[in-house]
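These protein sequence lines map, in sequence, to chains A and B.
All the letters of the first sequence, read from the start, carry residue numbers 54 to 269 under the working numbering.
All the letters of the second sequence, read from the start, carry residue numbers 41 to 292 under the working numbering.
These aren't lab readings, by the way, just hints derived from the structure by calculation.
Remember, predicted model here, so these are calculated numbers, not experimental data.
Please note that a few of the clues may not be correct.
Ranges between beta-carbon positions, derived for each pair [unchecked claim]:
1) A:ALA244 <-> B:SER118: 56 to 64 Å
2) B:GLU114 <-> A:ASP135: 53 to 61 Å
3) A:LYS264 <-> B:ALA49: 21 to 29 Å
4) B:HIS124 <-> A:LYS264: 18 to 26 Å
5) A:LEU63 <-> B:LYS160: 50 to 58 Å
6) B:THR73 <-> A:GLY102: 38 to 46 Å
7) A:ARG185 <-> B:ASP254: 47 to 55 Å
8) A:LEU265 <-> B:ARG116: 27 to 35 Å
9) A:SER101 <-> B:PRO219: 43 to 51 Å
10) A:PRO190 <-> B:GLU234: 50 to 58 Å
11) B:HIS236 <-> A:SER101: 55 to 63 Å
Cβ coordinates follow ideal geometry from the N, Cα and C atoms, glycine included.
Chain residues, written in single-letter form:
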Amino acid sequence: MVELPLANILTYLLLGARWTLLLAAVAFAGGGIGALLLLLLRYGRPKSGGRFLHLYVELFQGTPLLLQLFLVFFGLPLLGIDVSPLLAAGVALTLYASAFLAEIWRGCVDAIPKGQWDASGALGLNFFNQMRDVILPQALRIAVAPTVGFLTQLLKATALASIVGFEELTKAGQIVSNATFQPMLVYGIVALIYFALCYPLTFCARLLERKLSQSR
Amino acid sequence: MEAESNDRAVMIELRNVNKWYGQFHALKDVSLTVRKGERVVICGPSGSGKSTAIRCINRLEQHQDGQILVEGVELRSSLKNIEHIRREVGMVFQQFNLFPHLTVLQNLTLAPRRVRHVAKQQAEEMAMEYLARVHIAEQAHKYPSRLSGGQQQRVAIARALCMEPQVMLFDEPTSALDPEMINEVLEVMIELAEAHMTMICVTHEMGFARRVADRVVFMDKGQIVEEAPPAAFFDNPTNERTKLFLGQVQKH
């Protein structure tokens, strides 16, 4: 057992929280791009893209994230690709976020009335312009709340990366707790840090939503 | 008179067009020729295929059999071909379908800028001209939701005109409007007709049909059952279904 002043515990945990933030940011950015690509497949031609999206989403929504993480962490080395815990967690969370964001955004695009497709199509706009100028700006408005909701889930899901040895916030908490024998104190602080990271997100979402609904 | 109109170039031609929705035979051997400058009104009971027929002309619906030619170019499923035809064919919808996230002016300039690659300033000047033509220039910087139904529909007409189409399709343009707003939209359509725009209108406004149409087409159960100049159509309909329909819409 090691006696650690509270300030040292906090510093150590906050250093771990940096990696939590980085991992969430990577997964969100990667997942966002992945989801956009999946959506273009879904709404473009040919129509088989829709089936691919469906299969992909079912696969990732129907299996535990922890298992996806294991498959990437232990699977990629079998293919001869050496992965660090950060890379494995980043790849797994990106694939996972792509599936969920694609499904959320598909719902938002489908919520746009068919008349908007008709009118923009009848004016001669091609698919890309229809999406960029007419459909997506309207879908974005309704997508803000569920997207940020998912982002907070993603941020908390990064805790699973501790299992493959990635030293983010939860892993840092385990290490400190094992050293100090003060699990209640340490995990309490860990929980507070997660909350402090998530709360501003939902707060921003509320602001953004209000701003977007004013502009019409 | 008849000889004169036959001299004009054929703008739109439907040859034995057939369409099915699953088992339902929505269009049965529909053939129709519209010449440059002609105003054709299509009427008929709901579900008779009127809207489907004109939505096939710009490929919002796909026909399965027969041919559709726009200015002599056959409608095929290639993207280039469809985009080419949509540039030439303007359309106005029952539900207006304005883009709610754009101002009136932006609604009008979007397609000219993206499809015809017109410069922003030039597109805006043209848009203001068309807004003036539909008597609504002062609303240019508002969002559509701030306008009344009649105003929105006039914006929709101006938006279609900004692409300088060869033909205008109207799909029940006054059906979603409150009665007091129908006239302001019809007046704009009459002005268009008087400017020799080629028009195909699906509408129940029989007064409008009588006043501006060169021909009235009656559809029932996916077929064209009668086609005649308005005077003959309204005063001496030959088909039983037409008589029954006219009796119903003119009773009130």
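How the hints compare with the structure:
The hint said 56 to 64 Å for the Cβ distance between ALA244 (chain A) and SER118 (chain B), and at roughly 59 Å that hint holds. With their beta carbons about 58 Å apart, GLU114 (chain B) and ASP135 (chain A) fall inside the hinted range of 53 to 61 Å. LYS264 (chain A) and ALA49 (chain B) have their C-beta atoms about 52 Å apart, which leaves the hinted 21 to 29 Å range violated. Roughly 40 Å separates the CB atoms of HIS124 (chain B) and LYS264 (chain A), a value that falls outside the hinted 18 to 26 Å.
At about 55 Å, the CB distance of LEU63 (chain A) to LYS160 (chain B) agrees with the hint of 50 to 58 Å. Taking 38 to 46 Å as the suggested C-beta distance range, the pair THR73 (chain B) and GLY102 (chain A) conforms, at roughly 39 Å. Distance hint for ARG185 (chain A) and ASP254 (chain B): a CB-CB separation of about 40 Å, inconsistent with the stated range 47 to 55 Å. For the pair LEU265 (chain A) and ARG116 (chain B), the beta carbons lie near 41 Å from each other, so the given range of 27 to 35 Å is not met.
Checked against the hint of 43 to 51 Å, the pair SER101 (chain A) and PRO219 (chain B) passes, with Cβ atoms roughly 48 Å apart. Between PRO190 (chain A) and GLU234 (chain B), the C-beta spacing of about 37 Å breaks the proposed range 50 to 58 Å. A C-beta distance of roughly 46 Å is found between HIS236 (chain B) and SER101 (chain A), which places it outside the suggested range of 55 to 63 Å.
Violated hints, in rising order: 3, 4, 7, 8, 10 and 11; the structure is consistent with all others.
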